[in-house]
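Take a look at the letters that make up each chain.
There are 2 protein chains.
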Amino acid sequence: MKKSEDNKVVPIFKHDNSAIIEKVSDSFDFQRGGHLDEVSMAYETWGTLNKNKSNVIVIFTGLSASSHVTSSEHNNSAGWWESMVGEGRPIDTTHNYVICINTLGSCFGSTSPVSINKKTGKPYRLAFPELTVEDMSKASNLLLNKLDIKRIKLLIGPSLGGMNAIAFAVLYNKVVENILLISTATQASPYAIAIRSLQREIIRKDPLWNNGFYSYEKPPLNGVRIARKIGMTSYRSALEWSQRFGRKKTSNAELNQNTFGVDNTSFEYEIEAYLEHQAIKFQNVFDANCYLYLSRAMDWFDIALHGKSTLDALSKTKLERALVLGVTSDTLFPLQQQKEIAEGLSQAGAKVQYKELNCIQGHDSFLVDIETFGLEINNFISNL
Amino acid sequence: MKKSEDNKVVPIFKHDNSAIIEKVSDSFDFQRGGHLDEVSMAYETWGTLNKNKSNVIVIFTGLSASSHVTSSEHNNSAGWWESMVGEGRPIDTTHNYVICINTLGSCFGSTSPVSINKKTGKPYRLAFPELTVEDMSKASNLLLNKLDIKRIKLLIGPSLGGMNAIAFAVLYNKVVENILLISTATQASPYAIAIRSLQREIIRKDPLWNNGFYSYEKPPLNGVRIARKIGMTSYRSALEWSQRFGRKKTSNAELNQNTFGVDNTSFEYEIEAYLEHQAIKFQNVFDANCYLYLSRAMDWFDIALHGKSTLDALSKTKLERALVLGVTSDTLFPLQQQKEIAEGLSQAGAKVQYKELNCIQGHDSFLVDIETFGLEINNFISNL
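Quick mapping for you: the protein sequence lines, in order, are chains A and B.
So for the first sequence, my numbering puts the first residue at 621; every next one is plus one.
So for the second sequence, my numbering puts the first residue at 621; every next one is plus one.
None of these hints come from the bench; they were simulated from the model.
Heads up, a few of these hints could be off.
Just so you know, same-sequence chains aren't split out, so a pair can sit in one copy or run between any two.
Simulated pairs of lysine to aspartate or glutamate, DMTMM-like, Cα-Cα distance not exceeding 25 Å [what the hints assert, rightly or not]: (1) Lys868 with Asp932; (2) Lys794 with Glu837; (3) Lys868 with Glu960; (4) Lys869 with Asp922; (5) Lys959 with Glu860; (6) Lys938 with Glu976; (7) Lys643 with Asp922; (8) Lys869 with Asp932; (9) Lys869 with Glu750; (10) Lys739 with Glu702; (11) Lys868 with Glu963; (12) Lys868 with Glu750; (13) Lys838 with Glu702; (14) Lys901 with Asp922; (15) Lys936 with Asp649; (16) Lys671 with Glu693; (17) Lys868 with Asp922; (18) Lys928 with Glu890; (19) Lys928 with Asp712; (20) Lys671 with Glu940; (21) Lys869 with Glu960; (22) Lys794 with Asp768.
Can you build the whole structure from these sequences, using the hints too?
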């Protein structure tokens, strides 16, 4: 399980230095056609696998996250769900063995458009095969096989990670015992497709994108940054921003309020400066082509294609228990979609708990309102 | 009231050919500083002004609309609110004299960044002074003075038109008797600022925008088109799109689903094709610089600046009756903002009717669900 030198990624998109990279296949066929001679997956683990391997919790991530879900002895930087995962935290690593898997196609270590094609010695870029959520599930399952893990006590997935988890629970139904799904969907809605389609168009229309052949030293930062801002308007909520920012101005508001110039290093309103700050953080770590692939995979996702209907497809799952968490202020993955998941899994025979959480941070609430989510998750895990 | 030759606009942004253009000032000071030696306003009228001029209904428009609210004997093309205004329609022109005014700063005939600066013989572009909603109100009031209209029986404003109407009712409180406000706000919310800030950034980042000095033959169409698409995701609703488009694919979906190429003349999902179609219509008629000015004016709007608070500012209105219409699915101008308007006008002494309409088309519902809106508007006007 040492880091594979074969899976070099372009320097600016370094995976977290604590991720383990494991070659999982030397012949990977993608669902929509296309093939790679080698697929590797990046992951991290916390806690200790028990003797009968019955304490495995697997976390699939949202579109933009790495496998670094929480800090560890190897990497003490805070993870993307730091307060949720760890010893004594809701997803407790004291007795559980937690594995967080970086999604196939993500630029944080798993094989992706920034990985080097050994045949050419260059990154795949758009020669990377068309990617689906099912491909992500398949690659994750190959990793678990490699790690000789046959059963998952609990599979956790928020957002894209939830789509991945739903696909996994249908495709590898004997592997998953229990599931925790957060703000996700059995298929992409037209509203979510519209938002993502726009984000991709903005990246493609950045002249620096150059049909995918951008310089990694000078990537299409404008496109990625603006796409991220659009994402944020759909990830958070109007109510949160009204309470948090209102009409507050930045300290340099007077200087900058009048210009329509191309320079936007500063902004008049705090909400504008906040979006810029968050989006710059993202533009500097996320690869544009990877973003396009992961985004389109979400649009294509429709679990109903695995049966006669969504219900029929979900009937293939063999889950004991499921916790389905939705958020009232989530406009991107609205409550209706969470209800459909809960009803579908219930009809499939699982014992389902469905909760509508009254958080104000929209789709991102699971990352922010740790208290509310932690309580529900802790209760659920304690009773498994 | 003949068309002024002095107010030539750049050919591609022709105003509706039925609009009358009237010079309203030869010395116009803008609220934030800045000055123009000449301001003209474009408008259209329907019906006949009665002897004592007591039958005047004035309509202020949303950001993207012209003065052509409905067809007329001079221009039989359908207006932007065709089914709402006309003989026998909810805003009945049989006995009322309806004036629809094109907003100052809009490219449809009123003085704007595409108007020719007589001193230079060239369009103002970004030399146009910073524009506020209050400037729009002031220019509209000057037009009414010019037309010798001292009293407005009913002032109507949806969206930006509603902000304009609120400002007008505060600034020229002796002119307005009754008001009809639709999906608008007493001040811009941070969520709405975020959306508009993004739209402007996308236009500015289009290389063809060229700091405002684009060629009118080759304007920044990508920027304007994508900005419009972002607008549409905030103008409509996820529920409407789920019902209307679902996951339907376009007929050429198979051809185009795989590409991340720069060409997006066709799309895989119907929702994508719909957005593209609507946005192309817009990009071909709306000027980029005008869009920037009107958009920023909305962010700056805060009626509270005309008093110690929103309530204090609204207390300056002298309205008899008000109808305030909000839509449950409107995320851009949510119900909370409509309630605030209704309560403020009520405390100011107006007899206020406030209705939350259960339309699914979001902010744009007033343009689409004519049956629901028409009923409310007709009832209100009939009792004036």
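Right, here's what the structure says about each hint:
Taking identical chains as interchangeable, the C-alpha atoms of lysine 868 and aspartate 932 lie at most 25 Å apart only when they sit on different chains, with a minimum of 20 Å there against 50 Å within one chain. Within a single copy, lysine 794 and glutamate 837 get their C-alpha atoms no closer than 45 Å, and across copies no closer than 62 Å, so neither meets the 25 Å cut-off. In this homomeric assembly, lysine 868 and glutamate 960 come within 25 Å of each other (Cα to Cα) only across copies, at 19 Å, whereas the closest approach inside a single copy is 39 Å. For the identical chains of this complex, lysine 869 and aspartate 922 are inter-copy neighbours only, at 13 Å across copies versus 43 Å inside a copy, given an alpha-carbon limit of 25 Å.
When the C-alpha separation of lysine 959 and glutamate 860 is checked against a cutoff of 25 Å, the pair qualifies both within a copy, at 24 Å, and between copies, at 18 Å. When the C-alpha separation of lysine 938 and glutamate 976 is checked against a cutoff of 25 Å, the pair qualifies only within one copy, where the shortest distance is 24 Å, while the shortest distance between copies is 45 Å. With identical chains, the CA atoms of lysine 643 and aspartate 922 are never at most 25 Å apart, being 28 Å at best within one copy and 58 Å at best between copies. For the identical chains of this complex, lysine 869 and aspartate 932 are inter-copy neighbours only, at 22 Å across copies versus 52 Å inside a copy, given an alpha-carbon limit of 25 Å.
With identical chains, the CA atoms of lysine 869 and glutamate 750 are at most 25 Å apart between copies only, with a shortest distance of 18 Å across copies and 44 Å within one. In this assembly of identical chains, the alpha carbons of lysine 739 and glutamate 702 never lie at most 25 Å apart, being 39 Å within a copy and 62 Å across copies at closest. Taking the shortest Cα distances, lysine 868 and glutamate 963 sit within 25 Å of each other only across copies (24 Å), while inside one copy they are farther apart (43 Å). For a Cα distance limit of 25 Å, the shortest separation of lysine 868 from glutamate 750 across copies, 20 Å, qualifies, whereas the shortest one inside one copy, 44 Å, does not.
In this homomeric assembly, lysine 838 and glutamate 702 never come within 25 Å of each other (Cα to Cα): the closest approach is 32 Å inside a single copy and 50 Å across copies. Taking the closest pair of Cα atoms, lysine 901 and aspartate 922 never come within 25 Å of each other, the shortest separation being 31 Å inside a single copy and 31 Å across copies. Only within a single protomer do lysine 936 and aspartate 649 lie at most 25 Å apart by alpha-carbon distance; the minimum there is 23 Å, versus 70 Å between protomers. In this assembly of identical chains, lysine 671 and glutamate 693 lie within 25 Å of each other by CA distance solely inside one copy; the values are 22 Å within and 86 Å between copies.
Taking the shortest Cα distances, lysine 868 and aspartate 922 sit within 25 Å of each other only across copies (12 Å), while inside one copy they are farther apart (42 Å). In this assembly of identical chains, lysine 928 and glutamate 890 lie within 25 Å of each other by CA distance solely across copies; the values are 22 Å between and 49 Å within a copy. Proximity of lysine 928 to aspartate 712 under the C-alpha cut-off of 25 Å is found in neither arrangement, the shortest distances being 38 Å within a copy and 52 Å between copies. In this assembly of identical chains, the alpha carbons of lysine 671 and glutamate 940 lie at most 25 Å apart only when taken from the same copy (22 Å versus 79 Å across copies).
In the homo-oligomer, the alpha carbons of lysine 869 and glutamate 960 lie at most 25 Å apart only across protomers (22 Å), although the nearest pairing inside one protomer, at 42 Å, exceeds that limit. Proximity of lysine 794 and aspartate 768 under a CA criterion of 25 Å is satisfied intra-copy only: 14 Å inside one chain copy versus 81 Å between copies.
The structure shown violates the earlier hints numbered 2, 7, 10, 13, 14, 19.
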